[in-house]
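**Student:** So the protein sequences, as listed, match chains R and C. If you read the first sequence in this note's numbering, its first letter stands for residue 1, the second for the next number, and so on. If you read the second sequence in this note's numbering, its first letter stands for residue 1, the second for the next number, and so on.
Treat the hints as calculated values from the structure; they're not laboratory data. C-beta: ideal position from N, C-alpha, C; glycine also. Mixed in with the good hints there might be a few duds.
[Unchecked claim] The following residues of chain C were derived to be distant from chain R, with all beta-carbon distances above 12 Å:
#, residue
1, Arg19
2, Asp24
3, Leu30
4, Phe36
5, Ala59
6, Pro62
7, Pro75
8, Ala95
9, Ala115
10, Glu116
11, Gly139
12, Ile146
13, Thr161
14, Arg163
15, Ala165
16, Arg169
[What the hints assert, rightly or not] Which residues of chain C face chain R? A few of them, derived with a C-beta cut under 10 Å, are:
#, residue
17, Arg118
18, Val142
19, Gly143
20, Leu145
21, Ser147
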Amino acid sequence: MSLTLEQARTRARARQELTGEVKRLLVDRLALDVDPDLIGDDQPLFGRGLELDSIDTLELAMAIEERFGVTITDDETESLLSLNRLADRVQANQS
Amino acid sequence: MSLVVAGVPPATAPVPTVRSLSADDIARLLPHRYPFFLLDRVTAVEPGVSAEAIKNVSAADPVLAGHFPGRMIYPGVLLVECVAQLAAVVYGTAAVQAAGGDLVGDVAHRVGYLAEIRQAKFRKPVLPGDQVVLRVQSGARVGSLISVSGQASVDRDVVLTVRLAVTERGEQ
Chain R
1 MSLTLEQART RARARQELTG EVKRLLVDRL ALDVDPDLIG DDQPLFGRGL
51 ELDSIDTLEL AMAIEERFGV TITDDETESL LSLNRLADRV QANQS
Chain C
1 MSLVVAGVPP ATAPVPTVRS LSADDIARLL PHRYPFFLLD RVTAVEPGVS
51 AEAIKNVSAA DPVLAGHFPG RMIYPGVLLV ECVAQLAAVV YGTAAVQAAG
101 GDLVGDVAHR VGYLAEIRQA KFRKPVLPGD QVVLRVQSGA RVGSLISVSG
151 QASVDRDVVL TVRLAVTERG EQ
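If we strip away everything but chain R, and leave its shape as in the complex, we get:
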């Protein structure tokens, strides 16, 4: 399937809005001292990235469920590894 330029732009814009929303949710719920706009889309959430820990995983999974209605199960915790993966998981549920 090929996209028209307009469709591609709409899709890219929707994705950008989604990642922006996930970043704001992350900063807000975990009370991070970071500007949401400065978080890179491929930034790891744990370890050297945003330095989240396993306890934050629970809060993040709850925030995603409340905001987007997406339940992250134990088998899908790799969705929490980076912002892009998290956005992919939310988007998969929306389409």
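Since chain R is already given, all that's left is putting chain C on it; use the hints.
**Tutor:** Using the frame of chain R, we list chain C on its own:
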């Protein structure tokens, strides 16, 4: 009995399994002992889901001798601990049931750890003579971590709302 305060959702909807657990029953479910055994009676429990308990605050409680001389107030951190102990009752009774038992059994060794205290709000001081009603509701679960929401009330007033993360510990 159900208390609904504007803006504060009750930690549990009407609790289905109304069966009372005595202090001696609770002592079989929890490893805690004096002076850190805090719950007097569990008034309702749905194993793995929710529970309700009472704690009577007495001027004879030694902690009130120091908190504070001339102005006894039951420590808020101990109310949070009451919620954590009631959460352990919720998961302890579930473990007993999973093992084919009724509600009470010797599962104290399975009690996990308190991993996080979030958004604890102490809305009103708790004084000697108060009967504190505690409610907990089990929430989302990721890996061995479980989210728990809890509240404590005295008469019609909510005195504490809090969210905890606790860990579950398997056999041994």
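**Student:** Hint numbers the structure violates, sorted upward?
**Tutor:** 9, 10, 11, 12, 14, 15
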